[in-house]
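Asker: Please build the complex by placing chain B on the supplied structure of chain A, with the hints as guidance.
Number of protein chains: 2
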Amino acid sequence: MEELKRLVREEGQNLGNGILKVDGFINHQIDPLLMRRAGEELARRFAGKGVTKIFTAEISGIAPALAAGLALEVPVVFARKRKPVTMTEPVYVESAPSHTKGVEVLLMASPEYLKPEDRILVVDDFLASGHTLAALVRLVEKAHATLVGIGVLIEKEFEGGREALSTLDVPIESLVTIAAMEDDRIILAE
Amino acid sequence: MEELKRLVREEGQNLGNGILKVDGFINHQIDPLLMRRAGEELARRFAGKGVTKIFTAEISGIAPALAAGLALEVPVVFARKRKPVTMTEPVYVESAPSHTKGVEVLLMASPEYLKPEDRILVVDDFLASGHTLAALVRLVEKAHATLVGIGVLIEKEFEGGREALSTLDVPIESLVTIAAMEDDRIILAE
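These protein sequence lines map, in sequence, to chains A and B. Residue 34 in this note's numbering sits at position 34 of the first sequence, and the numbers go up by one each step. Residue 22 in this note's numbering sits at position 22 of the second sequence, and the numbers go up by one each step.
Keep in mind that a hint or two might mislead.
You can't tell identical chains apart in this list, so a pair holds if it fits in one copy or across any two.
Stated by the list, open to error - Straight-line distance between alpha carbons at most 25 Å, and here's what the computed DMTMM-like set of lysine to aspartate or glutamate pairs gives:
hint : residue 1 : residue 2
1    : Lys115    : Glu11
2    : Lys83     : Glu10
3    : Lys142    : Glu157
4    : Lys83     : Asp183
5    : Lys21     : Glu112
6    : Lys142    : Glu104
7    : Lys81     : Glu94
Everything labelled a hint here was simulated from the structure, so no lab data went into it.
Bound conformation, chain A alone (with noise of 0.2 Å):
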C-alpha cells in the first residue's frame, strides 16, 4: 500500500529502542479515508476465507480494524484492556507484555460475541514482537473460534513477530514491512 509505505517513511519518526511514532495517521490522529482504504486492502487479502469476524485489541486496533470490518460487512469485537462495569462475567482473559508499556497488559473478551462458529481475522495496527497478536489469538483459541488470518497495518520485521507467530499457520498479511530503523531513517522492505 503505496500510501501508508509513504507517510511511514515520511512522516514516521525513530523515538528509539524500537519505537515508532504515528501520531499524526494511527495513533493519536486518524485519516479515515486512509484508514478505509487500508481496510479495503486488508479485506482484500483475505477475500475468500469465510470471515465472519474481525477481532482486535483496544486501543489502537479499533480504527484499522472497523475499517476492515467496514470492507467485509462482519462485526468487529475489541478486547478490552480494563473490565468496564458493563462487561459482565464470565469473560476470557490473556495477557501479554507490552514493550512501549513496560507492563504486563491484560485482554478480556466476552464469550457472548466470540462464538466456536466464528472465523476470525485478527487485526491491528502493528505487528512487532507479535505477543499482542499472540494474547488475541489465545483468547480466539479459547472461544473454540477458528483463526483465519491475522492482519496489520504495519510490521516492524526485526522484532521478530512474524517468525513467533508462524506455528499459527495462517496467513499474515502487513501493508507497510518496515526492515530497520537507523537514527531519523525508516527502512522499508521491498
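Answerer: Then chain B, alone, in the frame of chain A:
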C-alpha cells in the same frame, strides 16, 4: 435514527445505577455498517458547519468518531487517557470524573493535532453527565480551536449532561435519547 433506537430498546441492558450495557453493538462488539450510518447521520446534522476535525476520547468514542470523520472527510483525533511513549510533550491535559469507573480520568491531546484554525466537532458514544464531553471541550479551548458542536450516539437525558453543556452555546445532537431506564425497560424520549 430508527435502527439505533430499536437496538437500544431491544438489546440495551439496564445494569442499574444509570448504567446501560450496549456491548453488542458499541462498547465491545461494533457493527461497522451501523456505525457508518450513524456517522453519516451525525455528518448530515453538522453539514455546513465547516468542520475541519473530529475530536473524541478513547476508547469507545473512536468508532463513532471515525465514522463521522469518514462521512465528513476530515481527520479524527482521539484524546488519550494514558500517555503512550509515542506522545511527546508538551501536551494539553484535562480530567473528568468517570461515573462508570468511579475515578478521575485524564484526557490528553497533543498541540500538534489540535490547532487554532481547527473547527472541531466533538463526538462520543454517550452523553450522560457531560463530564467527559466538557473535558474534551476544555482541551479544544486550550488549543484555541473553535468548537462547532457535539454529537453523540446515545444521550441519557436523565443524567443532565445536556443542561450542563448548555452554556457552550453550540448544537448538541444525539441519535438516540433515553428518557428513563426502569428495571428492564429502556424508555426513549419522543
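Asker: For each hint, tell me whether it holds in the structure or not.
Answerer: Now the hints, each set against the structure:
1. Taking the closest pair of Cα atoms, Lys115 and Glu11 come within 25 Å of each other only across two copies (18 Å); inside a single copy the shortest separation is 40 Å, beyond that limit.
2. For the identical chains of this complex, Lys83 and Glu10 are inter-copy neighbours only, at 24 Å across copies versus 37 Å inside a copy, given an alpha-carbon limit of 25 Å.
3. Proximity of Lys142 and Glu157 under a CA criterion of 25 Å is satisfied in neither setting, with 28 Å inside one chain copy and 39 Å between copies.
4. With identical chains, the CA atoms of Lys83 and Asp183 are at most 25 Å apart between copies only, with a shortest distance of 23 Å across copies and 39 Å within one.
5. When the C-alpha separation of Lys21 and Glu112 is checked against a cutoff of 25 Å, the pair qualifies only between copies, where the shortest distance is 13 Å, while the shortest distance within a copy is 35 Å.
6. Taking the shortest alpha-carbon separations for Lys142 and Glu104, only the intra-copy value of 20 Å comes in at or below 25 Å, while the best inter-copy value is 34 Å.
7. Taking identical chains as interchangeable, the C-alpha atoms of Lys81 and Glu94 lie at most 25 Å apart whether they share a chain (10 Å) or sit on different chains (22 Å).
Hint compliance for this structure: hint 3 is the single one not met.
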